[in-house]
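J.: Sequence:
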Amino acid sequence: MSIKHRCATLLQAISANQADIGGCGDIPGLSAIAAGQELCIGAVQRPIPESLASAILVRGDSPIRKPADLVGKKVAVNQAGAGEYLLLKVLEKENISKEKVQRVFLAPSDAAPALYQGTVDAWAVWEPYISVAELEHGARRITTTHPAPTYSVMLVRNQAAAKSPEVVKAALGDLGEEYDWLNVNTAKSAEFLVKDIKISPAVAKRVTQNQGPQLLATPNADDVAKLQKTADWMLEQKILPKRVDVAATICPTAK
Numbered sequence: 122m123s124i125k126h127r128c129a130t131l132l133q134a135i136s137a138n139q140a141d142i143g144g145c146g147d148i149p150g151l152s153a154i155a156a157g158q159e160l161c162i163g164a165v166q167r168p169i170p171e172s173l174a175s176a177i178l179v180r181g182d183s184p185i186r187k188p189a190d191l192v193g194k195k196v197a198v199n200q201a202g203a204g205e206y207l208l209l210k211v212l213e214k215e216n217i218s219k220e221k222v223q224r225v226f227l228a229p230s231d232a233a234p235a236l237y238q239g240t241v242d243a244w245a246v247w248e249p250y251i252s253v254a255e256l257e258h259g260a261r262r263i264t265t266t267h268p269a270p271t272y273s274v275m276l277v278r279n280q281a282a283a284k285s286p287e288v289v290k291a292a293l294g295d296l297g298e299e300y301d302w303l304n305v306n307t308a309k310s311a312e313f314l315v316k317d318i319k320i321s322p323a324v325a326k327r328v329t330q331n332q333g334p335q336l337l338a339t340p341n342a343d344d345v346a347k348l349q350k351t352a353d354w355m356l357e358q359k360i361l362p363k364r365v366d367v368a369a370t371i372c373p374t375a376k
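Going by this note's numbering, the letters in the sequence shown line up with residues 122 to 376, in that order.
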């Protein structure tokens, strides 16, 4: 059974029938399910309200200091993903009409140079891109914690969950133990990031600190309700093409 850990890679691999399980943010995960990918949610990582793993960034020399300064500006976000969700939630919290800020839909690989070169004024993004931008390119946060902290989810291909439920359970259990070990051994966790995603040791250390502990849990009724609230909000904002019934997307192995 193949397991992937990065969301974009995971969704591509599942589409190509090359992976069965993988970790993803709830926003891209719900978007993928709404778009028709045959996925279920096998486990969750609950939000950490104090986490610094999401932020809106500007260049170090930018006059933008706070979300209100984004009015009339261009902000890079990944469409129907965590970046767009973060931006919209920040604007909602600050009572700023979303029509007053121009969303520029870019993948992180294109958004980073767009910010550094001045094509966009700000970038709503997550780790490890935040620490790379801050430590290596002098970028600066204008937000700290997320106004609506998000889940991470372990997505499972429906066919795998149906045909090999015990294998899926065992794999998720092993992943949970792996996370527990990495939470205790933070230096090793940073080393893993250096090798896995090819970032510097300084960036990896900052990413580990900003993310906080990673704990895997079986989704309960409260988790389902909170994920449903997120999905319904995304539908209202026209981020999702159709409503997602979160309870129906929980893997049979997690019930």
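Honestly, the hints are just simulated from the structure, not real lab data.
Computed from a prediction, not measured in an experiment: that's the story for all the values here.
Any given hint could turn out to be false.
Below, computed lysine to aspartate or glutamate pairings styled on EDC-like, alpha-carbon distance capped at 20 Å [claimed, not checked]:
id, residue 1, residue 2
1, Lys284, Glu159
2, Lys376, Glu159
3, Lys187, Glu213
4, Lys350, Glu255
Just the calculated beta-carbon pair ranges, DEER-fashion [said to hold, decoys possible]:
id, residue 1, residue 2, range
5, Lys309, Pro170, 36 to 46 Å
6, Asn279, Arg167, 28 to 38 Å
7, Pro286, Gly259, 24 to 34 Å
8, Arg167, Asn306, 14 to 24 Å
By construction, the Cβ of each residue, glycine as well, lies at the ideal position given by its N, Cα and C atoms.
J.: So, for every hint listed, does it hold in this structure?
T.: Evaluated hints:
1. Lys284 <-> Glu159: 14 Å, holds
2. Lys376 <-> Glu159: 18 Å, holds
3. Lys187 <-> Glu213: 14 Å, holds
4. Lys350 <-> Glu255: 32 Å, violated
5. Lys309 <-> Pro170: 36 to 46 Å: Since Lys309 and Pro170 have Cβ atoms about 26 Å apart, the given range 36 to 46 Å is violated.
6. Asn279 <-> Arg167: 28 to 38 Å: Violated, since Asn279 and Arg167 (Cβ atoms, about 24 Å apart) do not stay within the stated range.
7. Pro286 <-> Gly259: 24 to 34 Å: For Pro286 and Gly259 the Cβ distance comes to about 49 Å; the hint is violated.
8. Arg167 <-> Asn306: 14 to 24 Å: 21 Å, holds
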